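Top to bottom, those sequences are chains E and Z.
If you're matching positions, the first sequence starts at 1 in the numbering used here and goes up one per residue.
If you're matching positions, the second sequence starts at 1 in the numbering used here and goes up one per residue.
One should not assume that every hint holds.
For chains that are exact copies, the list does not tell them apart, and a pair is met inside one copy or across any two.
What the hints assert, rightly or not - Lysine-lysine pairs mimicking DSSO-like chemistry, simulated, CA-CA at most 30 angstroms apart:
hint, residue 1, residue 2
1, Lys377, Lys28
2, Lys302, Lys232
3, Lys135, Lys377
4, Lys369, Lys302
5, Lys236, Lys302
6, Lys377, Lys184
7, Lys232, Lys369
8, Lys454, Lys232
9, Lys219, Lys377
10, Lys161, Lys232
11, Lys454, Lys302
12, Lys447, Lys302
13, Lys161, Lys241
Just so you know, these hints were derived from the structure itself, not from any lab.
For clarity, every value in this text was computed on a predicted model and none was experimentally measured.
There are 2 protein chains.
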Amino acid sequence: MSNFTIHNVVIPQADGYTTTDVQIVDDKITAIAPELNVTGTAVNGEHQLLLPGFINAHTHSSEMWLRGIIPPFPLELWLAELYDFPLLTPEKVYLSALGNAVETLLSGGTTVVDHLVLIPHQELDTIAAAVRAYKEIGIRAFIAPLIQDLPLSMGIPAGGKVQNHEPFFRSTAEILEFMETVIKQFHNPESGIHIAVAPTGTQLCTDALFTGCMELSDKYDLCRHSHLLETKAQEKLAQEKYGCSAVEHLQNLGYLSDRTSLAHCVWLSDQDITILGQTQSTIVHNPLSNLRLGSGIAPILKSRQAGVNVVFACDGASSNDSQDLLEAIKIGSILHNVTDFDYRQWITPRQAVEMASLGGAKGLNMADKVGSLEVGKQADLVMYNLNHLSLLPRTDPIGLLVLGRPSNVVSNVWVNGRQIVADGEITTIDVDGLQKELFNQSQWSVKQQSQITKDMEAHYRFVMGLGD
Amino acid sequence: MSNFTIHNVVIPQADGYTTTDVQIVDDKITAIAPELNVTGTAVNGEHQLLLPGFINAHTHSSEMWLRGIIPPFPLELWLAELYDFPLLTPEKVYLSALGNAVETLLSGGTTVVDHLVLIPHQELDTIAAAVRAYKEIGIRAFIAPLIQDLPLSMGIPAGGKVQNHEPFFRSTAEILEFMETVIKQFHNPESGIHIAVAPTGTQLCTDALFTGCMELSDKYDLCRHSHLLETKAQEKLAQEKYGCSAVEHLQNLGYLSDRTSLAHCVWLSDQDITILGQTQSTIVHNPLSNLRLGSGIAPILKSRQAGVNVVFACDGASSNDSQDLLEAIKIGSILHNVTDFDYRQWITPRQAVEMASLGGAKGLNMADKVGSLEVGKQADLVMYNLNHLSLLPRTDPIGLLVLGRPSNVVSNVWVNGRQIVADGEITTIDVDGLQKELFNQSQWSVKQQSQITKDMEAHYRFVMGLGD
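Chain E with its partners taken away, still in its complex shape (with noise of 0.2 angstroms):
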């Protein structure tokens, strides 16, 4: 942590820009005017556009050493395709948790909710490489053990078929067991570390599951995070389990609050919106991975029409099949625009930013401390070098960051007031070491479809009546 003064730097005011300097002393900003003496280091801003970081609000890091590889095939499928993989090590999980928090980093990200996928047996192990990796360079993380407690195969609507499932290999209480030890061995917000509670959905966990996690939720002060009604296949299960949505059923469990924050919500019924915005919980938007699986297109606008809190994120890196937040901003902005005729309802490049910045930090119940370019808050910054080819010729700099295809334009971050970023490169770990490791570790293959894909599939193409 050290002070610093950034001078000349772009901001957005509420009309349009001024150009201005920012002072930041020990991890938060403390003046917003021109002309200030430099505390501590002078950092040089100008031709650079200055924004609060954003959030990438919903990822599974360890997905990214299958990025690329994964066919063309919906969820349910495709999440069979992705447990075929040979099992990760803590090592791998190490390296990806690195390589997304890098990817998000260069594209605005200062925080990161890592829906993390535990390696059986060893749930302990993957989440302290993470926590390490995270700790290591330096970006705000929230890691979401992904739990259930019913097997994979129950994901999938019965469809009025009698179906044979193995038990889950853990118990219900064994998992909140574990997750309470994984909550006093790594919940520490003042280090940057954030433990949240996330069962994986309702499609694969039972309601004892959900309200022990509402429990520890309430005693430790934890975020609570899970995928919602991702898939129509999702959406056909909830009614066939609970004769109502997984929304109306997440309420009556009264899992849904201000500090919910639901990923995906494509299949979201009116009166479901009208439930998510009542209880203030926030939808965790990834347009690339609902594009990708074919999920469908999330109701965004009537989402935030109704008042609901909508925030952006990339999701796993092989459903999306990168961690670039600026991408998932960007599409998550202009997809909604064919939901409409009405471009009076559309998102707007400042609204996105906000969407991804404030709005990010509320789903995560720090709107307080992060999120927006204000005295007291702490620094979490992004700046983008405007003079950069893709940012050119000079327009609009929201609207080219947002609507452009901006490339090596994060020239600095700071997160909590370090800086992590520094003239594009990260200065906290050794990135050609990782790039070699991920070489290393990995090699090109077309992979083959999967066993448990080929079980599945017939139930599936059942089920969702696509023939033979």
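Assemble the complex: chain E is given as a structure, and chain Z must be docked to it using the hints.
Then chain Z, alone, in the frame of chain E:
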């Protein structure tokens, strides 16, 4: 032009990849086989992927000057904003053509179709400026002068209202005479510059203009291009004007052919798709622009199933607002997964690459010359650095390229055997100089809504049933 041999480069095969050598003599691929002797320069292809160059099959290069700044508007109002821009100069046209070409080349493109907006009263100078740019940088270019003979206000349906329109400032005969001058002066495929006939679309062109362009196309063996059914307003307008769809009307005129490429095609009926298939016309899909302008999702899967040739493009940089072909290919592939639950119809990364290369070539009537890695074809080639962090860990190279968000991965580009990009840098023009010019000739601003938009908005909202 020089001879060279690429060693140990990864190329796709039917069911995977192989590492091989590729020899280029003069402007053609002369051998693809392992362990070739070096002819001319040796190029190290280790850990690189070689693909045929992609075709950016529809853009308007001078829109680069307005990227990032036009607010979220549908096409008809967005156009009004575009036309409100202070007059371009030929020098600016030259610079933006270079800028467009740089982004296209560094995202895998070797050919661009520039539906070039003409500066009133400087039409010939506009074209000369673009020709100069494309010759200097060395990209293969189809320059399609954007012509119309009806005023902008006629592009919106009347909706039963009586309206007065100013006549267009040039007669149809003058425009056709101008086109013939352009063709004689600039059409020179040998040098990499093609002229195409390109009435902007049925919404702003008379039948006489289309017919005249067809005659020029036949006389000089030119490709035909046009916008087609980009918006719902255009669909309504065609019914108003012709009592049939715009596709049926173009078929009646005889404009559709195997060298006709049609940008957008969002509002096609099943019958329209059949006609496009029967006439062997090409659909140029501009996914980012269609989202940005809220035009809709083009029926790409249906069209492909009907045997229509579908290719990708960026569209102009103020409706995208980028010229990154890899972005257009990614979004143009995955977007359609939400339009069909049957994932067996979804576009695979390999299909996307073929659409962008061979498909693009087919749409420009040069599939016998470029578009695939085959002995005897012109060397329009792109090499991708598979060791770049954005393409790691190693999985399926084409999957990573298409589904990821690669940046800075294009290492080498040759067009017609001439090297344009080496080690990731453009070699033919001074990119730093270009950057300075783009910076100096522009300024940061927040555009206010133009008067012309305000004038058109009430009628647009009335016709589209949007209320006040």
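Consistency of the hints with the structure:
{"no.": "1", "hint": "Lys377 with Lys28", "result": "within (6 angstroms within a copy, 61 angstroms between copies)"}
{"no.": "2", "hint": "Lys302 with Lys232", "result": "both (18 angstroms within a copy, 21 angstroms between copies)"}
{"no.": "3", "hint": "Lys135 with Lys377", "result": "within (21 angstroms within a copy, 52 angstroms between copies)"}
{"no.": "4", "hint": "Lys369 with Lys302", "result": "within (28 angstroms within a copy, 49 angstroms between copies)"}
{"no.": "5", "hint": "Lys236 with Lys302", "result": "both (22 angstroms within a copy, 26 angstroms between copies)"}
{"no.": "6", "hint": "Lys377 with Lys184", "result": "within (27 angstroms within a copy, 65 angstroms between copies)"}
{"no.": "7", "hint": "Lys232 with Lys369", "result": "neither (37 angstroms within a copy, 45 angstroms between copies)"}
{"no.": "8", "hint": "Lys454 with Lys232", "result": "within (20 angstroms within a copy, 41 angstroms between copies)"}
{"no.": "9", "hint": "Lys219 with Lys377", "result": "within (26 angstroms within a copy, 69 angstroms between copies)"}
{"no.": "10", "hint": "Lys161 with Lys232", "result": "within (18 angstroms within a copy, 44 angstroms between copies)"}
{"no.": "11", "hint": "Lys454 with Lys302", "result": "between (37 angstroms within a copy, 26 angstroms between copies)"}
{"no.": "12", "hint": "Lys447 with Lys302", "result": "between (39 angstroms within a copy, 27 angstroms between copies)"}
{"no.": "13", "hint": "Lys161 with Lys241", "result": "within (14 angstroms within a copy, 55 angstroms between copies)"}
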